Amino acid sequence: MSDTPPSLAKNADAGTDPAVDADQPSRSGRPGPAPTPFGSVDAVRVRGVTKTFGSRKNQVTALSEVDLTVPSGEFVALIGPSGCGKSTLMRLVADLEQPSDGSIEVFGKTATQARKDQDYGIAFQQAGLLPWRTVSGNIGLPLELHGASRAERKSRVAELVELVGLGDFAKSHPDQLSGGMQQRVAIARSLAERPRLLLMDEPFGALDEMTRERMQAELARIAQETGAAVIFVTHSIPEAVFLADRVVVMSARPGRITGQIVTGIAREVTRDQSLREDPAFFAKVTEVREALHGAPASGGAEER
Amino acid sequence: MSAPATERIGKIVAPVVVGALGLALWQFLVTVVKVSPVLLPGPEQIWQEWQDNSTAIREAFWITGTNALYGLVFGTVVGIVLAALAAWARLIDGMLAFVVAGLAVIPIVALAPVLNSMYGADSQYGRRAIAAIAAFVPVYVNTVRGLRQTTPQHRDLMHSYSASPWQTFRSLTLPSAAPFILTGIRVASSLAVISALVAEYFGGPRKGLGSFISTSAATSAYARAGAYVMAAIVLGLVAYVATVLLERLVQWRLPAGGTR
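From first to last, the protein sequence lines stand for chains L and X.
Take 1218 as the starting number for the first sequence in this note's numbering and just add one per residue.
Take 29 as the starting number for the second sequence in this note's numbering and just add one per residue.
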């Protein structure tokens, strides 16, 4: 248990399956990031957050009493059925919504201050590129808005275009790109200002399976290279296990965290085909599936 | 020859052939069937009048064209500014909705005599005002719609960048609206020309194309009236082509292709 991230202990009351804990010592690698140096703050600290939508008469509780801590550099996947509030939780951290109750800290600041300081990069299910801008123009948009000099912008954009492997398409417009390529542009854009936190809302949800697996491998590499903390919303169990240090399982009505599973796949482990075929990977997929369904799944239960 | 090239030639050849056939039929009716020139002046006569009055036609063309241009520019600027205010504040939108609906249904024939006498017999302002009102409506309506084309996700993105309202307007809202604004201007250009022309029928200085058409027709000089009508058609086409070119230019600068 010594290598359990502090956040897990803090959330022990959130209903972690005891079987999960019993399984942890046999993990193949270190979970989560290296221990954060003394005095460094957590990337995200969510305390007792409740979020309700709608009028008093017709109120829907999207999130109820949610606690979540993401240390610097940790890759956390949020998984759960539709309507469990996983996207809402991410949007609260991004300061795109305000919590009805509870507090959210991003790098020790309020979510609003963190947004103003550009502490996070964000990517959505839809690439959301500006169609009248080229690939370079889209990636450079945040830099442009925040007054980076032309030279600075040019060199950073060139770097990012290479990072996501779109060197030949820098001058193309979004409608000339495939869905996967557009999503890569969106990811490059989210990385533009070297954020220490990445917020991703099902960024690969609209892609075909093959593109999706390739993009997952690329994102894992990018996350490893940048060392940023990631909150990754998904509804795919294998995707969550493949990418994350920790999978946070949520349930719907009201949305809350019902379990957390440390994947035990170290950041340094290359995310590739061999990992997908690793029995330890399958074991974690099963574990997450059981946590999602609230009970051991009877054989080959279908995910997604 | 490749299929697209054939298609392109066909696009040019087909209307030319139709035009030539129409002209031939017209000339046939006048010279062979001998339709009275009072009922139908021949193309030859009209061409003759065009040559005889080329200086007057050119001057009239400029006067009406200038009036239409003033009206188009002024109506467009006011339309875009008011639309921006309407998109910014619901209240202004609600206040303007009735005014715009009112302006949209004002017939030129109702307003032209009033404005022409208001500004006096030697002023072009009444006509310009009418062209401006006609141009304002489509620009305003289309711009308001265009400024509402941003997607929630794009707005979230700009919010996440802490973009200022002006930055959001300049880099998201305005480019999203550009195709709509241009459609408005294209419609407005034809309306401005028609309004500037028709306004001349109802008082004011007797110098523009519309004045000469009505004067010629009143003195039974139908061929001369025909020549001025031709000039009016040319003016309308010039305005239309100019705005289509503007639209192409902006589309090339701001391609609005499908995104995901």
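Where hints are given, some of them may not hold.
To give a feel for the contact side, a few chain X residues facing chain L, derived at Cβ under 7 Å [unchecked claim]:
#1 S64
#2 P180
#3 S188
#4 Y189
#5 S190
With beta-carbon atoms standing in for the labels, derived distance ranges [claimed, not checked]:
#6 G1265/L with L113/X: 54 to 62 Å
#7 S190/X with G1382/L: 26 to 34 Å
#8 K1333/L with V142/X: 23 to 31 Å
#9 Q1315/L with L113/X: 24 to 32 Å
#10 E87/X with S1366/L: 27 to 35 Å
#11 K1388/L with R183/X: 25 to 33 Å
#12 I120/X with T1329/L: 37 to 45 Å
#13 V272/X with S1372/L: 35 to 43 Å
#14 I120/X with D1489/L: 53 to 61 Å
#15 M1427/L with V44/X: 19 to 27 Å
#16 V109/X with G1364/L: 48 to 56 Å
#17 W280/X with R1493/L: 41 to 49 Å
#18 G1325/L with H187/X: 18 to 26 Å
Non-contacting residues of chain X with respect to chain L, defined by C-beta distances greater than 12 Å in every case (computed) [what the hints assert, rightly or not]:
#19 P43
#20 V46
#21 V60
#22 V63
#23 L110
#24 L113
#25 L119
#26 L131
#27 H182
#28 R183
#29 D184
#30 L185
#31 L200
#32 Y229
#33 R276
#34 V278
Keep in mind the hints are simulated off the structure, nothing from the lab.
Bear in mind that the values here come from a model prediction, so they are computed numbers and not experimental data.
Virtual Cβ for every residue (Gly too), placed ideally from N, Cα, C.
Each hint tested on the structure:
Violation of the interface hint for S64/X is found here, the shortest Cβ-Cβ separation to chain L being roughly 58 Å, above the 7 Å cut-off. The interface hint given for P180/X is broken, as the beta carbon of that residue sits about 10 Å from the closest beta carbon of chain L, more than 7 Å. Because the closest C-beta pair between S188/X and chain L is about 5 Å apart, less than 7 Å, the hint holds. With 7 Å as the threshold, the beta carbon of Y189/X comes within range of chain L, its nearest partner Cβ sitting at about 5 Å, so the hint holds.
Of the supplied interface hints, the one on S190/X holds, with its beta-carbon coming within about 5 Å of a beta-carbon of chain L, less than 7 Å. Checked against the hint of 54 to 62 Å, the pair G1265/L and L113/X fails, with Cβ atoms roughly 43 Å apart. Checked against the hint of 26 to 34 Å, the C-beta distance between S190/X and G1382/L comes to roughly 29 Å, which is consistent with it. Remark: the range hint 23 to 31 Å for K1333/L to V142/X is contradicted by a beta-carbon distance near 55 Å.
A beta carbon spacing of about 28 Å between Q1315/L and L113/X agrees with the range 24 to 32 Å that was offered as a hint. For E87/X and S1366/L, the Cβ-Cβ distance of about 54 Å falls outside the hinted range of 27 to 35 Å, so the restraint is violated. Remark: the range hint 25 to 33 Å for K1388/L to R183/X is upheld by a beta-carbon distance near 27 Å. At roughly 29 Å, the beta carbons of I120/X and T1329/L sit outside the given window of 37 to 45 Å.
For the pair V272/X and S1372/L, the beta carbons lie near 40 Å from each other, so the given range of 35 to 43 Å is met. Distance hint for I120/X and D1489/L: a CB-CB separation of about 57 Å, consistent with the stated range 53 to 61 Å. A C-beta distance of roughly 52 Å is found between M1427/L and V44/X, which places it outside the suggested range of 19 to 27 Å. For V109/X paired with G1364/L, a C-beta distance near 27 Å fails the hint of 48 to 56 Å.
About 45 Å separates the C-beta atoms of W280/X and R1493/L, a value consistent with the hinted range of 41 to 49 Å. The hinted window of 18 to 26 Å between G1325/L and H187/X holds, with their beta carbons roughly 22 Å apart. The non-interface label for P43/X is consistent with chain L: the shortest C-beta to C-beta separation is roughly 31 Å, beyond 12 Å. Consistency note on V46/X: stated as away from chain L, and its beta-carbon is indeed over 12 Å from all of that chain's, at 36 Å minimum.
At the 12 Å boundary, the C-beta of V60/X stays outside the reach of chain L, the nearest C-beta of that chain being 56 Å off. V63/X, annotated as away from the interface, keeps every beta carbon of chain L farther than 12 Å; the closest lies near 55 Å. No beta-carbon of chain L comes within 12 Å of the beta-carbon of L110/X; the shortest separation is about 24 Å. The Cβ of L113/X sits about 24 Å from the closest Cβ of chain L, beyond the 12 Å cut-off, so the non-interface label holds.
Every CB of chain L lies more than 12 Å from the CB of L119/X, the least distance being 23 Å, so the non-interface label holds. For L131/X, the condition that its CB be more than 12 Å from all CB atoms of chain L holds, with the nearest at approximately 31 Å. Some Cβ of chain L comes within 12 Å of the Cβ of H182/X; the nearest lies about 6 Å off, and the non-interface call is violated. With a cut of 12 Å on Cβ distances, R183/X falls inside the contact zone with chain L, its closest approach being about 9 Å.
Chain L draws D184/X into its interface by the beta-carbon criterion, the shortest separation being 5 Å against a cut-off of 12 Å. At the 12 Å boundary, the C-beta of L185/X falls inside the reach of chain L, the nearest C-beta of that chain being 6 Å off. For L200/X, the condition that its CB be more than 12 Å from all CB atoms of chain L is violated, with the nearest at approximately 7 Å. Taking the minimum C-beta to C-beta distance to chain L, about 43 Å, the non-interface status of Y229/X holds against the 12 Å cut.
Against the 12 Å criterion, R276/X stays outside the reach of chain L, whose nearest CB is about 14 Å from its own CB. Annotated as non-interface, V278/X brings its C-beta within 12 Å of a C-beta of chain L; the closest such distance is 10 Å.
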